[in-house]
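Participant: Fit chain B to the supplied structure of chain A, relying on the hints for placement.
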Amino acid sequence: MELRGTAVIITGASRGLGAALAEELGRAGARMVLVSRDREALGSVVERIRAQGGEAHAVVADVSAPDSASRVAGTSGALVGPAEVVIHNAGTLGPVPLAPLADTTDADFEEALATNLLGPFRLTRALVGSMALRGRGTVVLVSSDAATVPYAGWGAYGVSKAALEHLGRIWNAELSATGVSFLTVDPGEMDTRMHREAVPDADPSTLTRPEQAAARVVALLREAA
Amino acid sequence: MRDAVQDTATAVHQTPGRLLHVDLRRGMLSDTSIDSLPELLRPEDLLVVNDAATLPASLHGTGRGEPIELRLAGEGADGTWHAVAFGAGDWRTPTESRPPPPTLAPGDALHLGPGLRARVVSRFELSPRLLQIRFETRPDGFWSALYRNGRPVQYAYEAAPLALARVQTPYAARPWASEMPSAGRPLRLELLARLRTRGVRVAWLTHAAGLSSTGDAALDAALPLPERYEILPSTVAAVAGARRRGGRVVAVGTTVVRALEGAARSGGGDLPPGPGVTDLRIGRGFEPRVVNGLLSGIHGRDSSHFELLSAFLPGAFALLYSLHVIAGRYRGHEFGDSTLVLG
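Protein chains in written order, with my numbering: chain A, 1 to 225; chain B, 226 to 568.
For reference, chain A alone in the conformation it holds in the complex:
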């Protein structure tokens, strides 16, 4: 895929992998709408990208809120045109320190599902019609090995990521003939705030830098049709 001029939406773009993806895609010439709840942190990512000559626009939204999808889709349609790529990177662990399922409340479980599963579902639903009409589009789902490995203590998160991956498989079965493709990526264990919250005693030198993971995801996008 030629990334120059491509309209891209990235959720969870204010830090970690999302911010690194935004910078990498900004250098590649993508026209981006960056989504996050954190207005201030998002603003500095946008400033950094613009300072390097890239195009990025900030949209402050919580992907877990039911009305966010149409807001994000509409705002991005106005700012960069019909989305050609959406990267569902926003994610939540739920409360930290991580708790076993027996100690997980309904509210915490629902919050993980709302952010990690329902948010990507709604935003994808708001965008795929336009992608299918145009016969092209790429939806990237950022997952984790917690989707397949039943790590004790990662219940709500792991279940939500397992469901997210299956969501991608079903979308793909339904839409592959339309030219819309779904990529699920597992960036591995990264040196991010989320990882520090989940595994406070991890040795950062053993972890992937978000910039390295972002470069791999962008390479995948370039290879995609």
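Warning: the hint list may mix true and false statements.
Derived Cβ-Cβ restraints for the label pairs, each shown as a range [what the hints assert, rightly or not]:
| hint | chain 1 | residue 1 | chain 2 | residue 2 | range |
| --- | --- | --- | --- | --- | --- |
| 1 | B | Ser347 | A | Glu40 | 48 to 56 Å |
| 2 | B | Tyr382 | A | Gly188 | 49 to 57 Å |
| 3 | A | Asp103 | B | Arg556 | 46 to 54 Å |
| 4 | B | Phe511 | A | Met1 | 58 to 66 Å |
| 5 | B | Gly312 | A | Gln212 | 57 to 65 Å |
| 6 | B | His336 | A | Gly81 | 46 to 54 Å |
| 7 | A | Gly81 | B | Gly332 | 31 to 39 Å |
| 8 | A | Phe121 | B | Leu544 | 28 to 36 Å |
| 9 | A | Glu110 | B | Arg469 | 50 to 58 Å |
| 10 | A | Glu165 | B | Asp303 | 44 to 52 Å |
| 11 | A | Glu165 | B | Pro498 | 38 to 46 Å |
| 12 | B | Ala334 | A | Glu40 | 39 to 47 Å |
| 13 | A | Met1 | B | Gly494 | 49 to 57 Å |
The hints are simulated quantities; they were obtained by calculation from the structure and are not laboratory data.
Please read these numbers as outputs of a predicted model, since none were measured by experiment.
For glycine and all other residues, C-beta sits at the position ideal for the given N, C-alpha and C.
Facilitator: Showing chain B alone in chain A's frame:
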């Protein structure tokens, strides 16, 4: 407090609507379902849709210290907007019963929610409700603030506030429309896929569907106001291709008719690609140059769209159609059933 809005899931999951098929060639009207659309079209036909997303075009705020509602009617090429102003109240009151806005003059500031301010640029002779305004927010901030503060335009026949997701067509892309280009609402992805499997091509354009009603008699009589559109070269080629194959060009919605026919008239008969603005009015006696068929909502005789639909219902068909709508208990309005007129 924010109103509870209708479940956004209803935007997608609903039973397929009914379709009233008007077959001009065989002189027949028949009751069928929107799901039979692929069989009613021929492989050489072309469907043209309007991909405009629906704006949160209703804004509440104050002007001259009094409560107002502004309904955005369309953006101009110079970045100003046409807007229709109402006094206190909201969609629950029929537009014709809404109090007028305070008398607004050029230069007046309009406060339309956090981070969203506009100024009146001019007023129009036609109606004191119609204004030209300019937002005083930079583009990034403007779109975010509009989506934060705005709600979909809706009318008193609805029971509950509409969620923005509910007033989008399945393929909505560019937020240009003041109201949903609702003829396309039943065209779910699964149905579009079946149309393509049958060989029917689907092309798109963007047309800034405006407001359908303002409650001001003089203004309503002047609707639709000039509306902007954009037609891609690929759509022009698709129309030419359908012609070559002997296929029909079926417009999905009257906004598509306005865009294609308005562009063809500006192009002296040929359909030119590109952006444009059309003030074309379509009614009985109108002779389409591009469009051979229309998929639209159900428009009874009392509806403002009936006149437009009449352009596609020659002779006695208009009367037959309106009788059939009543006898068949078809549902009007944007979430109702559909009409397909084919020559």
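Participant: Mind listing which of the numbered hints don't hold for this structure, in increasing order?
Facilitator: 1, 4, 6, 8, 12 and 13
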